[in-house]
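Protein chains: 2
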Amino acid sequence: MAKPKKTPRPKAQTPKGFRDYFGAEVSQRAEMLQKIAGVYHRYGFDALESSGVETVEALGKFLPDVDRPNEGVFAWQEDADADKPGDWLALRYDLTAPLARVYAQHQNDLPKPYRRYAMGPVWRNEKPGPGRFRQFYQCDADTVGASSVAADAEICAMLCDCLEAVGIERGDYVVRLNNRKVLNGIMEVAGLLDPTTPEKFAHERGIVLRAIDKIDRLGPSGVSQLLEDGRTDESGDFTAGAGLSREQANKVMSFIAATTNVLNDMQEDHPQEDQWPDFLRLATEHPEEFKTRMLDYLEGIVAGSKLGVEGVGELRQIANLLQAQDYGPDRIRIDPSVVRGLGYYTGPVYEAELTFEIQDEKGRTRNFGSVAGGGRYDDLVKRFTGQEVPATGVSIGVDRLLAALHAKGRLDTTDVGPVVVTVMDRDRMADYQAMVAELRQAGIRAEVYLGNPKNFGNQLKYADTRNSPVAVIEGGDEHEKGVVQIKDLILGAEIAKSATLEEWKDRPSQFEVPRADLVAKVREILAQHGLEK
Amino acid sequence: MAKPKKTPRPKAQTPKGFRDYFGAEVSQRAEMLQKIAGVYHRYGFDALESSGVETVEALGKFLPDVDRPNEGVFAWQEDADADKPGDWLALRYDLTAPLARVYAQHQNDLPKPYRRYAMGPVWRNEKPGPGRFRQFYQCDADTVGASSVAADAEICAMLCDCLEAVGIERGDYVVRLNNRKVLNGIMEVAGLLDPTTPEKFAHERGIVLRAIDKIDRLGPSGVSQLLEDGRTDESGDFTAGAGLSREQANKVMSFIAATTNVLNDMQEDHPQEDQWPDFLRLATEHPEEFKTRMLDYLEGIVAGSKLGVEGVGELRQIANLLQAQDYGPDRIRIDPSVVRGLGYYTGPVYEAELTFEIQDEKGRTRNFGSVAGGGRYDDLVKRFTGQEVPATGVSIGVDRLLAALHAKGRLDTTDVGPVVVTVMDRDRMADYQAMVAELRQAGIRAEVYLGNPKNFGNQLKYADTRNSPVAVIEGGDEHEKGVVQIKDLILGAEIAKSATLEEWKDRPSQFEVPRADLVAKVREILAQHGLEK
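In order, the protein sequences belong to chains B and C.
Each step along the first sequence adds one to the number in the working numbering, with nothing skipped, and position 517 is 517.
Each step along the second sequence adds one to the number in the working numbering, with nothing skipped, and position 273 is 273.
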């Protein structure tokens, strides 16, 4: 007879690409989400929470003839009912697709425009990489049903307020603003877009957009090559170009170089002000002039395209609205090199970038880069209802923002642990519990050591692992005398570190106080370390 | 040639059993979670957030030979790699199974005991019903690695603090406490548990536990029938019994009736105090006596069982610890009829019940019932590591608690909307945006109407839908005069409701103030309605 197989123990592991978050990581994210929600709420947006699960049909990213629709998302088929096959369900991959579904489903009950914010995890079935996880948080705000670009302007301003609310200082970020209509306008004047047959040259336009997106990495000459005949990189690989003539390519290049060209023109008229090394100083010091020049410059380039001129007009409206609220180019700046990947944007697009430098995992200095982005998408609800509903919105990458604040040293990663009441006599557990109850009632984080109390060293080691500021000790002697010993663990650690210094020797880190003074003494020590509530 | 099929429009619908939450529903839940997290944190618990997705292997609820392991959970198989089949993944169905995985995975880095709290959605692939959804929130705290029942006592106390922190008043809840060891003890004395062959009579014990759980519904005689030969209900359906003799069944019945019997005994010794109609008044007024009598009573019943006596001893320890912190039977009460469904509990079990009555959906009066529960489970981590790790913890059903507060009228369901600045002249949008910017900087929730401004009535209707307290109007005339009109919409609605009353006629609800006084006047109106921040 075959021996029964022993079931092997399950592996205690997160699935590939998922991770656990501990202590301060969790509370810092919760705090950040709360601050951003506060700004969204003050701007008049209402909270919405949809579930993590949607029908694949509503998410709408899939081909109906694919057997297993799981490209990029986590999807599964429900069990079949008696009479029909089960629905395909999926985890949401962003918060915008569910918003479109919610708006279409509840539109009769929703105010118009509908302004909502949402925050929560989203899931992507993609190859994980360093710092790239398959579950991460998004924090979005959208206005659905407003065609006015005032809605876009407002979201750019709100994005600035959010960044400052979570601790990104003014000057450490910029919201870069562009317009898909302007991008399409430049395509039109470069001969890559015929408004009567918009599908023509779609492939070439893709090459141009991707080339613009790479300007920081490839520089002007590399981008020029991609606009014309193509480019061979250092490894010898060839990337096909968009096939523009030199003249057409120059038009696109003068578009991408708008900021540099406008600033150089300004420099000529302000010869006494040297803009270097802060390239953008002239723009921030003469915001009105920069705005006017930039918009006139762009209008000049797209002059042959009705769509392009309309797009520049929208940017002008947005810039005027923002200036009226004092959001100048030091915070929000028109920048024609902003593309934004997603195909569905139809008007203004915006992206928040952190401008400070950090060290990457290989020790190289680089700009931190994008932490939020969004734009106008007028076709998303149409899938459901047939009606075009104008919408615009932003998504803030909370995990990226947290990483940025960590990189700048602006988040304290250590959680302050509880006051630990040690157990000297396990029969007097009730006395120790009464102590923590008193401390907690005074609002002080506290706990009794609940492990095996036999080894007292383990209790202090536990307090150390928990990063506890204070330990309380009451043995039999203390109990008889009606006192407790209170150990200042922070001071104790400092003394231990600098034991050679004379000055520490006179500072005791352990105090005997009457039992009745327990709470007062603990509070005093916490206050000395700036830890009072 | 066949005509190409037209793709039908997708249905805008949540999947069956899921729902959307709007506005105050979202913020009230967030606030409740934050309050509970505050209590957990003060008790020394650290935050943990694991992802919604786990491997089916780690969740460990499934038979290895089932092709599609989706009983009760949402599960799917990852795409196969080149050399091996894809893993089965699933959405977590609670927060305890992931904790066991986390503890086993990270145990070398975690403090011992490990005290963590976690909050977030969980998913169940079950048939949805009224008020029962397939995604809902849990909010848990657990102590892993503490065998002392002091850990259980602490969690019972913390549960009381949580309920009071979210607005359940003392007297409106009770935490009922039992011990699986005592339940097993009564099984042993009733002849349904032989410690040397514990698997014997498992079926009968299941019948007894389910019968105890139904005492409220079936009453003593119905439960007696189930303990003995079985019971035929009103519809004629027969439920098989556990097959106990009358004598054995009486032992179990005297166990279930412990509270009544103990209180009746107490009544004899306190003849001057009438415990009716508040059945438990004697217990709450003589907590020490009730505790001693209850424990002695239970000890008498399980006297023949070593396990049972041990269990009563644990309850005695817990009750003493709680009494030292002043948690008496008005808040936490030993109650032998608490069973708790899950099979994995091994020691103390506890359940928080709201004691007030509500109207159910059919208008019937009933007790609100259970909102939280937990207990000791010493075997959960063993699956991964082979080592037994003692653990105890509680799970609070946040959505149930919110429903309870709503039913009691203790949560205001209406969100206060933003101040709405109307658009009289769309060319002066910048002026209107400047107004909301000022209001927001003063901390006042405000927005410009961003829909089509042509129909002014629609703008006021919008303000009404948003439940806005104030509307601001500045037309051309006002602009020239340097004033704004400020409409008190709350007062306006009151006047409209009681238009016949003379007293209202003299109270204007619209005020003309200098533009510079906009913020001050809005703030004054908000303050009059108790809405200042």
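Don't read these hints as lab results, they were simulated from the structure.
Worth double-checking, as some hints may not be accurate.
All copies of an identical chain are treated as equivalent in the list; a pair is satisfied when it fits inside any one copy or across any two copies.
[Unchecked claim] Once the Cα atoms are required to be at most 30 Å apart in a straight line, the calculated DSSO-like pairs of lysine-lysine come out as:
#, residue 1, residue 2
1, Lys84, Lys127
2, Lys382, Lys521
3, Lys11, Lys84
4, Lys112, Lys84
5, Lys35, Lys362
Evaluated hints:
1. For a Cα distance limit of 30 Å, the shortest separation of Lys84 from Lys127 across copies, 16 Å, qualifies, whereas the shortest one inside one copy, 34 Å, does not.
2. For the homomeric pair Lys382 and Lys521, neither the shortest alpha-carbon distance inside one copy (65 Å) nor that between copies (42 Å) is at most 30 Å.
3. For a Cα distance limit of 30 Å, the shortest separation of Lys11 from Lys84 across copies, 17 Å, qualifies, whereas the shortest one inside one copy, 37 Å, does not.
4. With identical chains, the CA atoms of Lys112 and Lys84 are never at most 30 Å apart, being 37 Å at best within one copy and 52 Å at best between copies.
5. Proximity of Lys35 to Lys362 under the C-alpha cut-off of 30 Å is found in neither arrangement, the shortest distances being 32 Å within a copy and 41 Å between copies.
In terms of the numbered hints stated before, the structure departs from hints 2, 4, 5, listed from lowest to highest.
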